[in-house]
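S.K.: Now for the letters of each chain:
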Amino acid sequence: MSVKEEKKNPAETAVKEKKQIAAKLIPIYIMGKRYEVPEGLTIMKAMEYAGYRFIRGCGCRGGTCGACGTVYRKPGDYKLQVALACQKTVEPGMYMAQIPFFPANRAQYEFTDLTSTPEEVFKLYPELFRCVACNACTKACPQGIEVMDAIAALKQGNIAEAARLSFDCIQCGLCTSRCFGELAQYHMFQLARRIYGAKILPRAEHLAEMIGTINEGRYDQILDELKHVKEDELKKLYQERESEPMAAGEDWKPEDTRYL
Amino acid sequence: MSVTISPKRLRREFVRKVKELSGQNLQLCYQCGMCSGNCPATSNMDLSPRQIIELARLGLEEEIANSKTVWICASCLACTVNCPRGFDLSKMMEAIRLLTLRKNIDYIRPEDISPQERCELPQIAMVSGLRKFTG
Amino acid sequence: MSLAYYPGCTLKTKARNLEEPAVASMEVLGFKLEEIPRWNCCGAVYSLAEDDLIHQVAPVRNLIRAKEQGQDKLATLCAFCFNTLKRANLLMRENGEKRDTLNSFMDEEMDYGGEVKVVHLLEVLRDEIGWGALAQKVKLPLRELKVAPYYGCTLLRPREVAIDNVENPTILREFLEALGASPVDFPESTRCCGSYQIISNPDDISEYARDIFNSALSHGAEALVLTCPLCDYNLGQGQKELMKKHNEFKEMSLFYFTQLLALALGLDPQVCHFELNYGSPGSLLREKGLLS
Numbered sequence: 578m579s580v581k582e583e584k585k586n587p588a589e590t591a592v593k594e595k596k597q598i599a600a601k602l603i604p605i606y607i608m609g610k611r612y613e614v615p616e617g618l619t620i621m622k623a624m625e626y627a628g629y630r631f632i633r634g635c636g637c638r639g640g641t642c643g644a645c646g647t648v649y650r651k652p653g654d655y656k657l658q659v660a661l662a663c664q665k666t667v668e669p670g671m672y673m674a675q676i677p678f679f680p681a682n683r684a685q686y687e688f689t690d691l692t693s694t695p696e697e698v699f700k701l702y703p704e705l706f707r708c709v710a711c712n713a714c715t716k717a718c719p720q721g722i723e724v725m726d727a728i729a730a731l732k733q734g735n736i737a738e739a740a741r742l743s744f745d746c747i748q749c750g751l752c753t754s755r756c757f758g759e760l761a762q763y764h765m766f767q768l769a770r771r772i773y774g775a776k777i778l779p780r781a782e783h784l785a786e787m788i789g790t791i792n793e794g795r796y797d798q799i800l801d802e803l804k805h806v807k808e809d810e811l812k813k814l815y816q817e818r819e820s821e822p823m824a825a826g827e828d829w830k831p832e833d834t835r836y837l
Numbered sequence: 710m711s712v713t714i715s716p717k718r719l720r721r722e723f724v725r726k727v728k729e730l731s732g733q734n735l736q737l738c739y740q741c742g743m744c745s746g747n748c749p750a751t752s753n754m755d756l757s758p759r760q761i762i763e764l765a766r767l768g769l770e771e772e773i774a775n776s777k778t779v780w781i782c783a784s785c786l787a788c789t790v791n792c793p794r795g796f797d798l799s800k801m802m803e804a805i806r807l808l809t810l811r812k813n814i815d816y817i818r819p820e821d822i823s824p825q826e827r828c829e830l831p832q833i834a835m836v837s838g839l840r841k842f843t844g
Numbered sequence: 002m003s004l005a006y007y008p009g010c011t012l013k014t015k016a017r018n019l020e021e022p023a024v025a026s027m028e029v030l031g032f033k034l035e036e037i038p039r040w041n042c043c044g045a046v047y048s049l050a051e052d053d054l055i056h057q058v059a060p061v062r063n064l065i066r067a068k069e070q071g072q073d074k075l076a077t078l079c080a081f082c083f084n085t086l087k088r089a090n091l092l093m094r095e096n097g098e099k100r101d102t103l104n105s106f107m108d109e110e111m112d113y114g115g116e117v118k119v120v121h122l123l124e125v126l127r128d129e130i131g132w133g134a135l136a137q138k139v140k141l142p143l144r145e146l147k148v149a150p151y152y153g154c155t156l157l158r159p160r161e162v163a164i165d166n167v168e169n170p171t172i173l174r175e176f177l178e179a180l181g182a183s184p185v186d187f188p189e190s191t192r193c194c195g196s197y198q199i200i201s202n203p204d205d206i207s208e209y210a211r212d213i214f215n216s217a218l219s220h221g222a223e224a225l226v227l228t229c230p231l232c233d234y235n236l237g238q239g240q241k242e243l244m245k246k247h248n249e250f251k252e253m254s255l256f257y258f259t260q261l262l263a264l265a266l267g268l269d270p271q272v273c274h275f276e277l278n279y280g281s282p283g284s285l286l287r288e289k290g291l292l293s
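Residue numbers (the numbering used here), protein chains in the order written: chain A, 578 to 837; chain B, 710 to 844; chain C, 2 to 293.
What the hints contain is simulated information worked out from the structure, not anything from laboratory work.
Certain hints may be false.
Chain B regions said to be covered by chain C (calculated; three or more residues, Cβ under 8 Å) [claimed, not checked]:
| # | region |
| --- | --- |
| 1 | 711 to 722 |
| 2 | 729 to 742 |
| 3 | 754 to 767 |
| 4 | 778 to 789 |
| 5 | 815 to 822 |
Now the in silico label distances, taken between C-beta atoms and shown as ranges [what the hints assert, rightly or not]:
| # | chain 1 | residue 1 | chain 2 | residue 2 | range |
| --- | --- | --- | --- | --- | --- |
| 6 | C | 116 | A | 745 | 11 to 21 Å |
| 7 | C | 116 | B | 794 | 30 to 40 Å |
| 8 | A | 670 | B | 794 | 49 to 59 Å |
| 9 | A | 670 | C | 128 | 58 to 68 Å |
| 10 | A | 744 | C | 73 | 30 to 40 Å |
| 11 | C | 203 | A | 791 | 49 to 59 Å |
| 12 | C | 114 | B | 736 | 27 to 37 Å |
| 13 | B | 722 | C | 203 | 29 to 39 Å |
Glycine is no exception: its CB is placed at the ideal position from the N, C-alpha and C atoms.
Sequences and hints are given; from them, build the entire structure.
M.R.: Listed below in C-alpha cells is the structure:
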C-alpha cells in the first residue's frame, strides 16, 4: 500500500488491517504464559504485541547484532530449538523465552601483546579443555555454525580454522547457555578471529602500494581542483560520473584513466 | 592409623554410591596390599590405596574426605592389572572423586593453573587434568 | 595403502616431533596415513564411572568419523588417544545398553557399534609390516644407541586394550632391535610418569621422573624412547627440575619412537623436529655418527 493511498483514507485502512489481524490470532507461550498474537509476526514483534517492551535483548532487528537469542519449543516435540527473536516468525503453540545475555567468562587481554600462537587461546581460556564434544553448542547455534568443530580446531591449535568456521558468529551466546563444560565459545571465537585477522592473515600487498601512491601525491592535484569547484558544478560532476556497471568483468576500466 | 568403626559413623549412602558409580564389588578385596605395592604414588599418599578400599566399604566417608589419596591417584591402573581379585580400584578412586566434583566443587580450577603453565602444558595434560579435577 | 589416522590435539602443536616423522616414515613403508575429517579431542582419559556416558561421547564421535569414511581400522600415535579410543570402542562393542543410549544421544550422527578397530602405530609396524621387513628397510642402523623403552601406562593398561604382554612387554625392544639400536630393559619401563598430576602436583612428578631416569641410567641407557606426549612433558620437565636441584644429575635424551624410525629409514632428519625434544638428542646422535 502506497503512502498516497493511506493519506486518502486512513480510517478505512486501519479498519481493514485490524480485521485482517483479528482473523488470524494464534496462541503462543511467552515464559510460560499464554498470549494470542497475530500470525506472521516475528517472535520479537509478537512479544511487543503481547505487551513486552525491550530495553535490552533487542538491537538491530535485522538478524545481525545477536542481541535477541531465543530458545523455543514446539508442541509435541521435546527438542529445544533456537532462533533470533527478530528473525523467527511465531508458530501456533510455541513455547519461548529469550536468553538475551549469558554471564559467560570473557577474558581480558591487551590485544597488541598477543602473538599468533595457539597458546594465546590456551592461556586466556584454559576451560577450553573442558569440552566433551557433546555438540549441544552446534545444535544451539541460530547461525548454523559448526561450533563444536570450531572448538575442536582451537584445541588443536588451529586458530585459522576456528576463525573460518566461526565467521558467521554474531555473539548471541546461545552456545554457552547450553554448554556442558561451561565454555564461552563465542568469546573464544572472537579472540580467534581477532588473532587471525590481525596476526595470521597475510596483509594485502596492493593496499600498502596504494597508500604509498597516495602519500606520494598522485591524487593531490585532482583533489585540489575539486575543492575549488562550485557546488552546482560539483553536483553535476557527481551525477555524470562514470560508474562501474553492475556486471562488469575484472578487466573493466573507466574511459578516463588519468587517475588509475 | 586407628579409626573408630560404629554404626553411627557408617555412611550407607556413601557406600551405595561408590558401588554404583564404580560398578565394583567392594567385598572382593581381601586386603593383600598388591595395589599399594604396585602404586607408584603410595609414598605420596596419606592413606594407601588398600586403606582407601577398607575405609570405603566401612562407609567412613569423613576419613576419605580428609585424605588426599584419591586426588594423588593418576589413574595409571597399576593397581587394576595387579589385583589378584579382579577388583578395579581405579574405578573406585574415580567414583570417590566424582562424589565431590558432582557437587560443583572443583579440586583444581583452570584459573589456578598459571598462565605460563597453560602455554607450556601439552593439551592432553589440560584435558585430562580438567576431566579428573573439575566437575 | 591408505590407513585412517587419528592424530590428537597435542600432535598438532607440542608433539609435531611425534607426528611428522611418523607420516613420513609410513609413506616409505608403503602406508599413507589419512587424517580422518572433523576429528575432535578424544577426551584424553577414559571415563571410569559407570553412569558417566557424556565423557564417552567424544571418543565415540571420532570412531564414527572413521566409520563414515568407510574405514574399518583407525591408527593412533598418541598413547593417550589410543587408550581412550580403544576403551570407548570396547564399550560400544560390548555394552548394548550404553551403546543404545549413546547412539540415541548423538542423534545427528550415524549409529555406531564398535565396527572400527583401533590400533596403535606400533601394532601396525609389528603385525602388518613385521620386524623383519622393517629391518630390511633400515638404511641407517642405529648402532651403539643404547635406548631404554619407556612404555608408560596407556599402551598396556588395562589388560583388555594392551598392545603387548602387560607384565613383560617387548614390542618396543623388538622395534628398537629392528632399527639396529641396542635396547636397554629396565624395571621402571611401565611405571607411571604421574600423568595429569602435573597440573596439581608438579613436585611429585619430578620425583617420579627421578626414579625412572635413575633406573634407566643404572641399566646403561643413554636415552629413553616414548610414545606419549604427556610422558615426554613430565619426564622432560621433571629432568629440568632435577638438573636445577642436583648438579650431578646426568641429562638424558628423550625420543619419540617415530623419530628413531624416520632416522633409521634414512629420512631427512629435519622431519624429526629434534629441536622440540628434551635433553640434547642432537649431540647424542652426532656422537654416535647418526646425525651430521
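S.K.: Now look at each hint and say whether the structure bears it out.
M.R.: Hints versus structure:
Requiring three or more residues with a Cβ within less than 8 Å of a Cβ of chain C, the coverage given for the region 711 to 722 of chain B is violated, as only 0 such residues are present. Interface restraint, the region 729 to 742 of chain B with chain C: holds (4 residues with C-beta to C-beta distance below 8 Å; minimum three). Evaluation of the coverage hint for the region 754 to 767 of chain B: breached, as 0 residues show C-beta separations to chain C shorter than 8 Å, against a requirement of three. Taking a C-beta to C-beta cut-off of 8 Å, the region 778 to 789 of chain B contributes 8 residues in contact with chain C, enough for the three needed, and the coverage statement holds.
Counting residues of the region 815 to 822 of chain B whose beta-carbon sits less than 8 Å from any beta-carbon of chain C gives 3, enough to reach three: the coverage restraint holds. Take residue 116/C and residue 745/A: their Cβ atoms lie about 35 Å apart, and the range 11 to 21 Å is violated. For the hinted restraint 30 to 40 Å between residue 116/C and residue 794/B, the CB-CB distance of approximately 34 Å keeps it satisfied. Evaluation of the 49 to 59 Å hint for residue 670/A and residue 794/B yields a pass: the beta carbon distance comes to about 58 Å.
Under the hint 58 to 68 Å, the C-beta atoms of residue 670/A and residue 128/C, about 59 Å apart, fit the expected range. Between residue 744/A and residue 73/C the CB atoms are about 36 Å apart, so this pair conforms to the stated range of 30 to 40 Å. Under the hint 49 to 59 Å, the C-beta atoms of residue 203/C and residue 791/A, about 56 Å apart, fit the expected range. In this structure, residue 114/C and residue 736/B meet the distance hint of 27 to 37 Å, their C-beta atoms being roughly 34 Å apart.
The beta-carbon spacing between residue 722/B and residue 203/C, approximately 35 Å, falls within the hinted interval of 29 to 39 Å.
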